[in-house]
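Asker: If you want the building blocks of each chain, they are given just below.
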Amino acid sequence: MAELPGTDALLDNLESGLRREIAQRWIGDPVMIGIHSGGAWIAERLHARLGIREALGKLDITFYRDDFSQIGMNPQVRASQLPFRVDGRDILLIDDVFYTGRTIRAALNEIFDYGRPAQIVLGVLLERDGRQIPIRPDCVGGMLKLSPGQRVKLTGPDPLALSIFGDGG
Amino acid sequence: MTAQDLQLDRRGRLRHFLTIEGLSRELLVTIMDTAESFSSVTEQTVKKVPLLRGKTIVNLFFETSTRTRTTFELAAKRLSADVLNVNIATSATSKGESLLDTIRNIEAMHVDMFVVRHAQSGASHFIARHVAPHISVINAGDGRHAHPTQAMLDVFTIRKYKPDFHRLTVAIVGDVLHSRVARSEIHALRILGAREIRAVGPRTLIPADIGKMGVSICHDLDSGLKDADVVIMLRLQRERMSGAFIPSAHEYYASFGLTESRLVLARADAIVMHPGPINRGVEMDSKVADGCRSVILQQVTHGIAIRMAVMSMAMRLDARRETP
Chain A
1 MAELPGTDAL LDNLESGLRR EIAQRWIGDP VMIGIHSGGA WIAERLHARL GIREALGKLD
61 ITFYRDDFSQ IGMNPQVRAS QLPFRVDGRD ILLIDDVFYT GRTIRAALNE IFDYGRPAQI
121 VLGVLLERDG RQIPIRPDCV GGMLKLSPGQ RVKLTGPDPL ALSIFGDGG
Chain B
1001 MTAQDLQLDR RGRLRHFLTI EGLSRELLVT IMDTAESFSS VTEQTVKKVP LLRGKTIVNL
1061 FFETSTRTRT TFELAAKRLS ADVLNVNIAT SATSKGESLL DTIRNIEAMH VDMFVVRHAQ
1121 SGASHFIARH VAPHISVINA GDGRHAHPTQ AMLDVFTIRK YKPDFHRLTV AIVGDVLHSR
1181 VARSEIHALR ILGAREIRAV GPRTLIPADI GKMGVSICHD LDSGLKDADV VIMLRLQRER
1241 MSGAFIPSAH EYYASFGLTE SRLVLARADA IVMHPGPINR GVEMDSKVAD GCRSVILQQV
1301 THGIAIRMAV MSMAMRLDAR RETP
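Protein chains in written order, with our numbering: chain A, 1 to 169; chain B, 1001 to 1324.
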């Protein structure tokens, strides 16, 4: 069984990773977007910690998923809220767990339907193995190796906690 | 086979959308919530989502319509579906082809969904019973029977202004007899728990048995409007009237036309709705139609989101992957 790191330490790591990225890229006034729902919880905390000026954006990528024709409509879908124009902006995109990369592909497609950002930095709380497409995060809070049958899920928003479930064999 | 067996799968999800009757409150709320989440699409620079990319939706309109057909078309396009508008007036049906032959031929073009409007009550049920299993059918109005997406966009509009249906008194005014909109609205409002639904109109235009649907009947406009939270005006459907249902449009307006002075009887925050097209000076005065309590144009906008929700919820999944 893989050891599950605490969310506080992961958040600290992710925060310093993002600060480093912001400094290296000379980003002066970033905006932040969290992916519903776990990514938005993480983003709410980072948004405050990094003192970002504009309100947090939230993205529900349901309408952009690549498996709609297999699983159908998710009845819990919510409207995305981007309270700023994305054109020309430096965006910090935040999610909870990075796994196959498909969620990020969907999120990037959705963001580009809102406009043309200058750049996007991807930060995730936890990266696990199992990437399926050539997309990877810029900043991670931590990494985890799991067996293919296992899933890791973030519960929250208060307290934030990661748990592993599924077949570990 | 009942409409419910036909329009829901074994897990209670939409297969077709034919009638409001018999649907659960939860499903109606899910349709409205899904429509709500589609509202952000219009804020995007690219006003569409890739949900139904690669799907083909056929608008099969055997009866003329502008608003319903164009909002269905726009909804399908905002979902990235390809849309085929089949104009039946100029199609082979007018050359004697049967309805089933028309359906079979369009099916052979590998389409995924039919949006059907037909003058005959039950036409979309008939088509839903006979289409290939991978095709879904959406009823866009059949005869006097049902117009479920119009009812959904109406309750969705009501919910925006008055979220608690249990407190609402709704007056449905006018030609209830010929109105599939009224029938579907009554079902939807009953399922959502509206406190009181009134059918208001002359005796000739209110079906005698409408009370069985849990509706109170008023034959004069003033008592029908009293303390109403929502006033839904219906179009006088003269194209469906074969005899003398009303003495004249002028006299109808004198008795049942909605004016500012009459609207005073409704609650101060009442909203006024109309499914369109409006006959100004017949069903209502222009001052009401264009006034601050009118939400008629919002209804049109909401129609797109509701149709996006219904089409995406009813779209068949890939047969290879569908759970049995």
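Any given hint might turn out to be false.
[Said to hold, decoys possible] Which bits of chain A does chain B cover? Going by a derived footprint, with three or more residues having C-beta under 8 Å, they are:
1) 48–59
2) 117–128
[What the hints assert, rightly or not] Distance windows between CB atoms, simulated:
3) B/Tyr-1161 to A/Phe-112: 31 to 37 Å
4) B/Thr-1045 to A/Arg-20: 28 to 34 Å
5) A/Pro-83 to B/Ser-1223: 33 to 39 Å
6) B/Tyr-1161 to A/Ser-37: 46 to 52 Å
7) A/Gln-24 to B/Asn-1087: 56 to 62 Å
8) B/Ser-1024 to A/Gln-24: 53 to 59 Å
9) A/Arg-85 to B/Leu-1084: 52 to 58 Å
10) B/Ser-1024 to A/Pro-83: 30 to 36 Å
11) A/Glu-54 to B/His-1110: 43 to 49 Å
12) A/Arg-116 to B/Glu-1026: 37 to 43 Å
13) B/Met-1109 to A/Thr-100: 32 to 38 Å
14) B/Val-1264 to A/Phe-112: 47 to 53 Å
15) A/Ala-118 to B/Leu-1084: 38 to 44 Å
16) B/Thr-1002 to A/Arg-151: 37 to 43 Å
Calculated from the structure, these hints are not laboratory results. The beta-carbon is built from N, C-alpha and C at its ideal position, and this holds for glycine as well.
Asker: Now look at each hint and say whether the structure bears it out.
Answerer: Do the hints match the structure? See the list:
no., hint, verdict
1, 48–59, "violated (count 0)"
2, 117–128, "violated (count 0)"
3, B/Tyr-1161 to A/Phe-112: 31 to 37 Å, "holds (35 Å)"
4, B/Thr-1045 to A/Arg-20: 28 to 34 Å, "holds (31 Å)"
5, A/Pro-83 to B/Ser-1223: 33 to 39 Å, "violated (47 Å)"
6, B/Tyr-1161 to A/Ser-37: 46 to 52 Å, "violated (28 Å)"
7, A/Gln-24 to B/Asn-1087: 56 to 62 Å, "holds (60 Å)"
8, B/Ser-1024 to A/Gln-24: 53 to 59 Å, "holds (54 Å)"
9, A/Arg-85 to B/Leu-1084: 52 to 58 Å, "violated (36 Å)"
10, B/Ser-1024 to A/Pro-83: 30 to 36 Å, "holds (35 Å)"
11, A/Glu-54 to B/His-1110: 43 to 49 Å, "holds (46 Å)"
12, A/Arg-116 to B/Glu-1026: 37 to 43 Å, "holds (40 Å)"
13, B/Met-1109 to A/Thr-100: 32 to 38 Å, "holds (35 Å)"
14, B/Val-1264 to A/Phe-112: 47 to 53 Å, "holds (51 Å)"
15, A/Ala-118 to B/Leu-1084: 38 to 44 Å, "holds (40 Å)"
16, B/Thr-1002 to A/Arg-151: 37 to 43 Å, "holds (40 Å)"
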